[in-house]
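J.: Take a look at the letters that make up each chain.
There are 2 protein chains.
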Amino acid sequence: MIEKEGSMLLARKDIKVFDCTIRDGGLVNNFHFTDEFVKGVYETCVKAGVDYMEIGKNNSPTIMSEEEFGAWNFCKEEDIRRIVGDNNTDLKIAVMSDIGRTVKEELLPKSESVVDMVRIATYIHQIPAAIELIEEAHAKGYETTVNVMAIAKSFDGELDEVLDVLSKTNVDVIYIADTFGSFYPEQINKLTEKYLKVAKTTGKQVGIHAHNNIQLAFANTIEALTYGTSYLDVTISGLGRGAGNCPMELLIGFLKNPKYKLMPVLKFIEEFIVPLEKELDWGYSIPYMLTGQLTEHPRSAMKARDENNTNYRDFYRSLLETD
Amino acid sequence: MIEKEGSMLLARKDIKVFDCTIRDGGLVNNFHFTDEFVKGVYETCVKAGVDYMEIGKNNSPTIMSEEEFGAWNFCKEEDIRRIVGDNNTDLKIAVMSDIGRTVKEELLPKSESVVDMVRIATYIHQIPAAIELIEEAHAKGYETTVNVMAIAKSFDGELDEVLDVLSKTNVDVIYIADTFGSFYPEQINKLTEKYLKVAKTTGKQVGIHAHNNIQLAFANTIEALTYGTSYLDVTISGLGRGAGNCPMELLIGFLKNPKYKLMPVLKFIEEFIVPLEKELDWGYSIPYMLTGQLTEHPRSAMKARDENNTNYRDFYRSLLETD
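Those sequence lines, one after another, are chains A and B. Using the numbering used here, read the first sequence as starting at 4 and increasing by one per residue. Using the numbering used here, read the second sequence as starting at 4 and increasing by one per residue.
Calculated from the structure, these hints are not laboratory results. Please note that the accuracy of each hint is not assured.
[Unchecked claim] Mimicking DSS-like on lysine-lysine, the simulated pairs with C-alpha atoms at most 27 angstroms apart in a straight line are: (1) 16/B to 197/A; (2) 193/B to 50/B; (3) 193/A to 7/B; (4) 171/B to 193/A; (5) 95/B to 50/B.
[As the list claims (entries may be wrong)] Reference excerpt, derived from the structure (chain B facing chain A, CB under 10 angstroms, subset only): (6) 67; (7) 68; (8) 72; (9) 217; (10) 229; (11) 277; (12) 289; (13) 305.
[To be verified] For the chain A half of the interface with chain B, some residues (derived, Cβ under 10 angstroms), not all of them: (14) 7; (15) 241; (16) 283; (17) 297.
Positions of the beta carbon are idealized from the N, C-alpha and C atoms, including for glycine.
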C-alpha cells in the first residue's frame, strides 16, 4: 500500500504543471495553429506560473511532409524563437520526440537552443531506440523524460522490465501515459506505486499524461499526484487528441500553491478557446467512452466524430466484433 | 484508513444502480418531459438491469404551481401509472420528497401506490422535519433514503451529529450528496468512511449522489463504491442540474456485473439524448467549474449559461467579491 505525499491543503515543492496544449492539441488540427494562438498559450503559461510548455514535436522534415503539417510538428529553432524569443522567463520549453520520426543528429546542442527538455514518446518495442535518443538528448545538455505508451496492453510483467531498463538510463522523468484513456484511479494508484518504486531508487521523478475518454483525466491526475507523482500534464480546456487531456484550469483549482494563477487561463479560454470550440471537435463523447472502456486506440472514435456518426450501437458493435 | 470492498474485476451483490434522469434532469427543464421520453427512460432502465428509477418529485400542488412545472414535479399516482402501469418488473420506482414542499399526509399507503421508495432531500436545519417524513413514509410501507444536502458547508462536527441522529431513524439508506459538485475523491473517501461507520452499526446502507462541476462525478462515484457505498445515483448522459450527474453509461462500463447492459442505454442516447442536446444545456463548463472550486451553489453559473455569458473572468471576479 502506497502512502500519500503531502496534504490537499498544502503546496508541494516537487509538483510541476506541464502544459501540452500545442503538442496534444496539434493532434486535433495537424499542428496548424496561428502564431497568435501559440504566443497566447506561451504568455498564459508564463502568467499562470506553469512550469513547462511543450510547444510541439520535433519530427524530422525528412520523414514527414511540411505541407501536410504545421510548424509545430517540427519545432525548428527559428519557429520557436519567433514565439518565445530567448525565453527569459521561469517557464521551461519542451518538445516531444516520437521514436522513428525524430532524427537524433538533427538535435542542436542545448547551448544553441531555447529548448530545455526533450520528451521521448516510445512504444515498448521501440525501447532500444528510445534509450539512444534519451542518451543523445542528455549528452547534448537537455532535461529528458520518457513516455512509454500503450502500457494498458503491455504483456504481464513486461512493464516491470521496461521500467528496470529505463531506470539505468540518464532520463530525468518517467511518465505514466494513459494512451487509450482507459485507466481507472485504482489502476493509476498501482502504476504510481510501481513507477515511484523504480524512480525513487534511481533519483528520477514520475509524471502522468492522462486522457479523458471515460471522464477520468483530471481524477487520474490528482490520484497520481496525491501518491507522489510530480510532473502533471495538462492542456488548456483539455484541448488534445480525441477526448482530450486533463484541463489546466481544473488542476490549478486543485493545487493550493499561490504560484499558480487561474485568471490568465480564463483569459485565454475567453479569447481563444471559446471561438475554437466552434471550429474544432475535442473532449469527452460516447465514441471515446466506448474505445476507452474497451482499451482500444481512439482512432475509430475520432473517425466517428469526424463523420458526425451518432449511431452509437453500430459503432459499439463494430468494436465488439471478433474474428 | 478504510478498506476496499471487493475487487474491480468482480461483481458486488450490494450494488444498486439508481437512475435519476427524470428527477435531476427535471431541474433543467422544469420537469417538462414528454410521456414518450419518460417511458423511454423507464424501458431503458428495465432493459439495462438498473435497480431503481426516480421518476420525479412528489411536491404538493398546494405549494407549487402546476402550470409552471410539469407532471414529474408532483408525481401523482395516475401520472406514474400512465408510464409504468403496475410495473411488473424488477425495477423499483422512487420519488423524491423535498422538505417543505411535500405534504406528508398526501403520501398514499404503499399498498395503493406503484412507488417503492421515498427519498427525502433535506438541509441540516430541516432534520426534524426530515425525520417526521422518514417515519411517515416508513410507516406507510415505503423504502426510504435520506439525502443530506450542502454538507460541504456544514459546520465542523455538525455532520457527525446529523448522522448519529439519522442512524436512530428507520431510514434504509443514507446518501452522501455533493450538492455543490465541489468534493474531491480524497474527501469522498473520508465521507464514505464516516457514513459507513454509522450505517454499519445500524444495519443501513450508504449511497452517493455526485455532480460534475469539476469533472469528478464519475470518479467520486467509483471512489465511494470502491470503499463500500452501495447505492449509486446516475443519469443517462449525465442529464441533470447544471454540470449534471454521474453518467449511467460510464458506471455500467465500470461495473462487471453482467446484469447491467450498455446497449439499451446507447439506444436511448441515440434516440432521445442526441436531439435533446440541441435544445437543453447541461454538463461541465467553466462557470460550473468556478462555483464548484469555490464550494458555491451553481445557480449563478446556471444563469451565466442561460445568458451565454463567456466573460469568465468577470464571472469569477463576481464570485470572489466579498463584503
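J.: Out of the numbered hints, which ones does the structure contradict?
T.: Violated: hints 1, 2, 4, 6, 7, 8, 13, 16.
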